[in-house]
Amino acid sequence: MSHLQVVVSIDSLDGAERIGRALVEARLVACFQVLGPMRSIYRWKGEIEQADEWLCLAKTTTARFDEMRERLVVLHPYDNPEIIATPIVAGHGDYLDWISEQTRPLAQ
Amino acid sequence: MSHLQVVVSIDSLDGAERIGRALVEARLVACFQVLGPMRSIYRWKGEIEQADEWLCLAKTTTARFDEMRERLVVLHPYDNPEIIATPIVAGHGDYLDWISEQTRPLAQ
Amino acid sequence: MSHLQVVVSIDSLDGAERIGRALVEARLVACFQVLGPMRSIYRWKGEIEQADEWLCLAKTTTARFDEMRERLVVLHPYDNPEIIATPIVAGHGDYLDWISEQTRPLAQ
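Residue numbers (the numbering used here), protein chains in the order written: chain A, 527 to 634; chain B, 527 to 634; chain C, 527 to 634.
Source of the hints: derived by calculation from the structure; they are not laboratory data. Please note that a few of the clues may not be correct.
The list treats identical chains as interchangeable, and a pair is accepted whether it falls inside one copy or across any two copies.
[Stated by the list, open to error] Below, simulated DMTMM-like cross-link-like pairs (lysine to aspartate or glutamate); rule was C-alpha separation at most 20 Å, straight line:
1. 571 x 620
2. 571 x 623
3. 571 x 551
4. 571 x 537
5. 571 x 627
6. 571 x 605
Model, not experiment: these values are computed from the prediction.
Bound-form chain A, shown alone (with noise of 0.2 Å):
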């Protein structure tokens, strides 16, 4: 089974704890982190701007990520929030297994 890392920003500490145990409890991703705040630069409308922002990083497989992925633009507040993943290519195998463990949906 691959692996990913899942790399979100947010504009609130809050917001990130909120998505994250939201996206545990549903075994959609084994972990979620929050780093911050961070200084982001990007164009609106034209104009170069400056935002505080909160980094989340979340290790889920290629199977949920599309599960994942659709959970999270609902539970994000922004029109379009930065979704994207790294492949996992190589790592301590145990913890691989614990990431497929954690995120395997339960028997209904």
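Let chain A serve as the given structure and place chains B and C on it in line with the hints.
For chains B and C alone, coordinates are given in the frame of chain A:
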């Protein structure tokens, strides 16, 4: 079109913001995020050293990466700056489209 | 030669610095960066828990990864530590060469 997460380290928040604004302004990255300070540990002239640095995360396309890297090497104060990129293999489609749009060169 | 960005989480800044110095000293990583504290959210014995941790980012080669991971599992205080790696697919050539040089085992 494929997308990259770019990671850069630098020795000041002011320097990070200056480079970030220049790269967004030049449409070489869609956004530029700065976190820190962080503790960096490395070998220098045979000794293990520690320094405080800031971590920068930027989003761009593979098509724009080489020009971004060349500009960044000029703007960055180090002789040999950390500039690395990891692939974005999944994400929110509207956000990936926004990266592509924000880094498309303007028609002359 | 191909390069990796390694991500590790740990429960203290002191522990992070101790491991970082050991891995740089052993030429198993070229550099080791510590960010935090961050808020970690995960499931433990059926309950959603939160804890403060530190995020570590290290650069190494694919050739050195397995030995680095084995050393890290011994040095790390957790039973099942987060150790994951994402591929570096582009970067500043001189910096990638520096990673290779700093992690090359010394001739016996």
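Quick rundown of the hints versus the structure:
When the C-alpha separation of residue 571 and residue 620 is checked against a cutoff of 20 Å, the pair qualifies only between copies, where the shortest distance is 17 Å, while the shortest distance within a copy is 47 Å. For the homomeric pair residue 571 and residue 623, the shortest alpha-carbon distance between copies (16 Å) is at most 20 Å, but the shortest distance inside one copy (45 Å) is not. For the homomeric pair residue 571 and residue 551, the shortest alpha-carbon distance between copies (13 Å) is at most 20 Å, but the shortest distance inside one copy (37 Å) is not. Proximity of residue 571 and residue 537 under a CA criterion of 20 Å is satisfied intra-copy only: 19 Å inside one chain copy versus 31 Å between copies.
When the C-alpha separation of residue 571 and residue 627 is checked against a cutoff of 20 Å, the pair qualifies only between copies, where the shortest distance is 13 Å, while the shortest distance within a copy is 44 Å. Taking the shortest Cα distances, residue 571 and residue 605 sit within 20 Å of each other inside one copy (15 Å), while across copies they are farther apart (35 Å).
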